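Student: Whole structure, please, built from the sequences with the hints as guidance.
Letter by letter, the chains look like this.
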Amino acid sequence: MTQLIPLPVVIPLIAAALCVVTGRWLVVQRTISILALSATTVISIVLLIGADREGPLVMQSGGWEAPLGISLVVDRLSGIMLTLGSVMLLAVLIYAIGQDGAERNHVVFQSTYMILAAGVGASFIVGDLFTLFVAFEMMLTASYVLLTIGGRREQIRAGMTYVVISLIASTLFVVALGLLYAATGTVNMADLSRKMVDLPPGVASMFGVLLLAVFGIKAGLFPLFSWLPDAYPVAPGPVTAVFAGLLTKVGVYAIIRTQTLIIPPASRPQTLILVVAGLTMIVGILGAIAQDDVKRILSFNIVSHIGFMVMGLGLFSEASLAAAILYTAHHIVAKTALFLTGGLIEHVGGSSRLSSLGNMVRTAPVVAALFLIPALALCGVPPLSGFIPKLALIQAGFSQREYAIVIVSLVASLLTLYSLMKIWVGAFWSPAVDPPQGIPHRVGRLGGPPLMIAPTAALVGISIAIAIAAGPLYDLCRRAAAQLIDPMAYISAVLG
Amino acid sequence: MSILLAVTAAGLAAVGTYLILQRKLSRIIIGLGLLSHAGNVLLLSGGRPGIEPLIGLADDREMSDPLPQALALTAIVITFGVTAFLLAMAFRSWQLTHDDEVENDATDVLVAAGVIKSKDVLDEQLAEVEIEQEEAALEAVHGEVDE
Numbered sequence: 001m002t003q004l005i006p007l008p009v010v011i012p013l014i015a016a017a018l019c020v021v022t023g024r025w026l027v028v029q030r031t032i033s034i035l036a037l038s039a040t041t042v043i044s045i046v047l048l049i050g051a052d053r054e055g056p057l058v059m060q061s062g063g064w065e066a067p068l069g070i071s072l073v074v075d076r077l078s079g080i081m082l083t084l085g086s087v088m089l090l091a092v093l094i095y096a097i098g099q100d101g102a103e104r105n106h107v108v109f110q111s112t113y114m115i116l117a118a119g120v121g122a123s124f125i126v127g128d129l130f131t132l133f134v135a136f137e138m139m140l141t142a143s144y145v146l147l148t149i150g151g152r153r154e155q156i157r158a159g160m161t162y163v164v165i166s167l168i169a170s171t172l173f174v175v176a177l178g179l180l181y182a183a184t185g186t187v188n189m190a191d192l193s194r195k196m197v198d199l200p201p202g203v204a205s206m207f208g209v210l211l212l213a214v215f216g217i218k219a220g221l222f223p224l225f226s227w228l229p230d231a232y233p234v235a236p237g238p239v240t241a242v243f244a245g246l247l248t249k250v251g252v253y254a255i256i257r258t259q260t261l262i263i264p265p266a267s268r269p270q271t272l273i274l275v276v277a278g279l280t281m282i283v284g285i286l287g288a289i290a291q292d293d294v295k296r297i298l299s300f301n302i303v304s305h306i307g308f309m310v311m312g313l314g315l316f317s318e319a320s321l322a323a324a325i326l327y328t329a330h331h332i333v334a335k336t337a338l339f340l341t342g343g344l345i346e347h348v349g350g351s352s353r354l355s356s357l358g359n360m361v362r363t364a365p366v367v368a369a370l371f372l373i374p375a376l377a378l379c380g381v382p383p384l385s386g387f388i389p390k391l392a393l394i395q396a397g398f399s400q401r402e403y404a405i406v407i408v409s410l411v412a413s414l415l416t417l418y419s420l421m422k423i424w425v426g427a428f429w430s431p432a433v434d435p436p437q438g439i440p441h442r443v444g445r446l447g448g449p450p451l452m453i454a455p456t457a458a459l460v461g462i463s464i465a466i467a468i469a470a471g472p473l474y475d476l477c478r479r480a481a482a483q484l485i486d487p488m489a490y491i492s493a494v495l496g
Numbered sequence: 001m002s003i004l005l006a007v008t009a010a011g012l013a014a015v016g017t018y019l020i021l022q023r024k025l026s027r028i029i030i031g032l033g034l035l036s037h038a039g040n041v042l043l044l045s046g047g048r049p050g051i052e053p054l055i056g057l058a059d060d061r062e063m064s065d066p067l068p069q070a071l072a073l074t075a076i077v078i079t080f081g082v083t084a085f086l087l088a089m090a091f092r093s094w095q096l097t098h099d100d101e102v103e104n105d106a107t108d109v110l111v112a113a114g115v116i117k118s119k120d121v122l123d124e125q126l127a128e129v130e131i132e133q134e135e136a137a138l139e140a141v142h143g144e145v146d147e
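In order, the protein sequence lines correspond to chains B and A. Using the working numbering, the final residue of the first sequence is 496, and nothing's skipped along the way. Using the working numbering, the final residue of the second sequence is 147, and nothing's skipped along the way.
Since the hints were made in silico from the structure, they are not lab data. Just so we're clear, the structure is a prediction, and the values are computed from it rather than from any experiment. Each residue gets a CB set at the ideal place from its N, CA and C atoms; glycine is no exception. Watch out, some of these pointers could steer you wrong.
Unchecked claim - Covered by chain A, according to a simulated footprint, are these stretches of chain B (three or more residues, beta-carbon under 8 angstroms):
1) 124–138
2) 160–167
3) 271–280
Tutor: Quick look at the structure:
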């Protein structure tokens, strides 16, 4: 079982190399990448089941024992994220192949996408902070290329901001690593967890805030999110979907992992996290309401919903962490589906600006259905998948008497409904105000090419499945949260 | 940590931060380089100082700590790659606009100025800004052809 651990990184990397070699044959490239991601998905599911049954799976790469070598660890949280990540990557890849446009035919698209997949996989399985830095860089460098792949003017403008801000975050990460190493003499997370207890509480809280800032930039927390709604909408449609669904969540994963594992409970900046979570929810959703472009509304929505996940961390109980993990799982699926539908709206209507779209409920009823289900799920309308994690978060908040954050989260949910209904009314119900800017595609009965509709429908299906199987899934998240609250199993699995 | 290294890191970080806050792309890129140097110096100073860490050269306790050096090397290589990418993007930006300045986002400018009262106004303004940008881009392209 432990031999499988490096495969979610190794398989996409080999596929990336093969895609470069077979650059002239698009069909071969596409077959290789679909096969690679399907294999990764299967392996991730096996790893998740293994980690759930046997406890954290550990592999010391190269035979170097921890804390000297690089430990690869899959516990329940990593397993959940890994599985969802590879399913999303696979769905978006199929969608990208189905969409027409110059970008998907670009000779580096497949190989860069595979490197992105490897980076995302690596971020979830590494057990030491420096390798986490390398994994982040792998993922981010691939994302820089994917964001600017057309070389269009607005892509270069937004890409510049994105690259510069990510580089500053990476530099901050290096600074944090340098200080952590100077203070403790290790970068292995399990080892850090043991040694941080000996540090003065003030120093440990400083590290908590520093790491929160580093990963907060990547996750898009208030006040560090300004690059996100600017950069995401200019990328090619499917690329935005994978960025929206996964990249910010890798940041959230890193925040949850470092705050629960490394920072001792007494020095955890919990109040700060709660305040930041509340402000992220409100500011993000107010930003969404002010916009008039489908992709920009959805991008601001991501910011707002990152707040919900971080709220679960800020409450820091088993129930709230379980809710946060389930929320993250639901959000990855629903958000990716929404962005893919956003791409379909653009495909059918020829524009992503609400004022140029209209009446799509009649012209493209399938797209309308594919939009409405994840949109309502995102707002937390029962019985869809957003309802259960939100209910669990609010219950956890009430039981810990944190009423302020609960009220803020309810208001943010209501405003989410408003912002998404704005898209619904603007694009699907009301007639178009302005003439379309681009060329609307002729649509058949499905409302788009089958290869674009099928993965979107599959994701909507998964979103519904999360709602149906919410009981067992919540139990799994609960077990994952228990592992986070009491990291002894993780530490002893790594250090032996 | 030696005071010299600390002062160097602080100085590099200060100059780097100042340069990043400029509007010219070339300055931002140089600023990022300096800032990442500051990070690397800090990383290096986290380890124990001493002579070269080669087995057999000296006693273990006299050797410097090799791990931060290895980490700094990795960080330098990554920054090098990303800086090269940034330079390529800056060149592309110069090709498109014939200017070294970071552009504003058209929608952002209008939202910030508080011009958006209704959707129609936004669309008109946005169209104007877009036309201006396209004209500038066209000029840039023609300029290139003329040269």
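Student: I'd like to know which numbered hints this structure contradicts. Please list them from smallest to largest.
Tutor: Result: hint 3 breaks, nothing else.
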